[in-house]
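Protein chains in written order, with the UniProt record's numbering: chain A, 1 to 177; chain B, 1 to 274.
Rather than coming from a laboratory, the hints here were simulated on the basis of the structure. Do not take every clue at face value.
With a cut-off of at most 30 Å between alpha-carbon atoms, the simulated DSSO-like pairs for lysine-lysine come out as follows [as the list claims (entries may be wrong)]:
| # | chain 1 | residue 1 | chain 2 | residue 2 |
| --- | --- | --- | --- | --- |
| 1 | A | Lys57 | B | Lys40 |
| 2 | B | Lys169 | B | Lys131 |
| 3 | B | Lys63 | A | Lys53 |
| 4 | B | Lys131 | B | Lys101 |
For clarity, every value in this text was computed on a predicted model and none was experimentally measured.
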Amino acid sequence: MQEEQLIEGLRARDRKTTEYLYEKYSRALYAVIARILSDQDIAEEVFHDAFIKITKKIDSYEESKGRLYTWMANICRNSAIDKLRSKEISQSGKTNGIDDFVYGLESQSGTMEQVEGIGVRELITQLNEDQRFIIDHIYFKGYTHSEVSEEYDIPLGTVKSRVRAALQVLKKNLDRI
Amino acid sequence: MDIQSYIASGKLELFLLGELTEREREEVLALAKTYPEIQKELDELEEAMFSFDNLTGPTPSPKVKDKIFASLEADFRKDEPKKAPSVAPVETKVVKLSPWKNFAVAASLVALLASAAAIYFAGKYYDTDQKFTALLQDQQVMADNLNQVKLQYEETDNRLDRLVAGDFKRVEMKGEGFDIQKDAKVDVFWDQSAQEVFVAVNNLNSLSAEFDYQLWAIGKDGPVGIGLVNPGEKFTLQQMEAVAEAGVFAITIEPKGGSQSPTLEKLVVLGEVA
């Protein structure tokens with residue numbers, strides 16, 4: 001299904017199109033949330049709300065302002081960050097990170113996840129220390145790049161170029177997963 | 001501008017992470033439109049991010065999907081297209097039958113409405129047609145009237161011309177001396193040289209159907225009947241027969257069609273030529 005058709009179907013509140021959207025994107029979108037929120041129940045609750053939000057806000061999505069996945073991923077990422085900073089999570093004192101995430105994946109019962117978890121770990125090992133630090137904070141701890149810059153006293157330009165470098169490494173090694 | 005250093009700045013990644021301000025977002029979008037390299041890099045980065053997210057995450061549990069679709073149930077369009085009736089023959093029947101009935105009902109309804117409309121418009125047409133015919137008839141009557149009036153006018157005009165051009169004498173005939181109608185008054189206009197005679201009724205009672213007024217010119221040879229006078233045509237000129245010689249004009253009441261000689265007992269008006 002072309003992206004235009006997909007958007008059109010979603011706007012028409014078509015069930016089949018919504019199911020297609022779920023099949024194609026649920027895992028990636030859930031990953032955006034789950035790597036920030038370690039608690040599975042909370043992550044799934046946030047994912048539920050974010051997915052509903054996507055289907056309701058599809059009318060205000062503007063194709064000219066970026067691709068569909070980026071738009072959806074940003075909704076999920078922002079929902080997860082909002083949840084992370086809410087009282088509920090802060091009080092529980094839980095922190096998350098690459099290691100927790102990979103550990104979480106590996107400890108899941110399914111074989112598929114185990115294999116993929118190992119893949120992710122391998123992928124992560126391709127990053128150097130700086131890049132790993134950036135990915136850990138931005139992807140897994142829900143930091144924005146300016147928060148990383150402020151909190152760790154790293155110049156904004158440096159954070160940006162490290163984000164880029166880290167993503168380049170991930171991009172190059174994706175086929176190894 | 002240096003596209004490579006712009007790409008290397010990391011702005012595109014932040015764009016995809018949703019961490020740019022509105023102004024910066026607009027800048028990236030505008031540049032991506034202008035420079036295909038930037039658009040290409042954006043597309044590739046998004047693809048990579050999606051792949052990374054898609055490959056690294058755990059699958060959400062099935063109960064989340066159920067819950068999501070239960071939440072969305074009320075939002076979905078209800079008129080989902082039915083599956084093509086090619087699966088099972090039993091299903092085919094069920095699927096096909098009810099629309100057939102609906103179509104039949106719809107068709108009957110349409111037929112009924114069409115018939116009603118046809119009757120309505122037929123009635124309308126009949127009414128209109130009748131009105132039209134009536135109007136045509138009215139118009140015909142008016143045209144006839146107009147023709148008549150035109151003829152009368154031409155005749156009158158013609159007579160007036162002759163009256164004005166000719167040398168007419170006016171002879172007043174009155175009923176004062178007779179018993180039948182004291183106030184009767186009829187004028188005769190006579191052009192002796194042209195031998196033309198007109199009468200104009202001023203006041204003359206109408207007669208029953210079996211009688212006529214007859215005009216007589218009375219000269220040396222006795223009375224000569226020169227025409228019947230219509231008492232209804234008042235103040236118009238009625239042309240009579242030619243008369244060359246007369247001393248007196250008179251009107252008598254005669255049996256319908258007139259007589260050879262006047263019935264003197266029924267003399268109505270009389271006037272002497274001055």
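Quick rundown of the hints versus the structure:
1. Lys57/A / Lys40/B: The given pair, whose Cα atoms are some 27 Å apart, holds under the 30 Å limit.
2. Lys169/B / Lys131/B: violated, 54 Å
3. Lys63/B / Lys53/A: OK: lysine 63/B and lysine 53/A at ~18 Å, within 30 Å.
4. Lys131/B / Lys101/B: violated, 44 Å
Checked against the numbered hints listed earlier, the structure breaks hints 2, 4; every other hint is satisfied.
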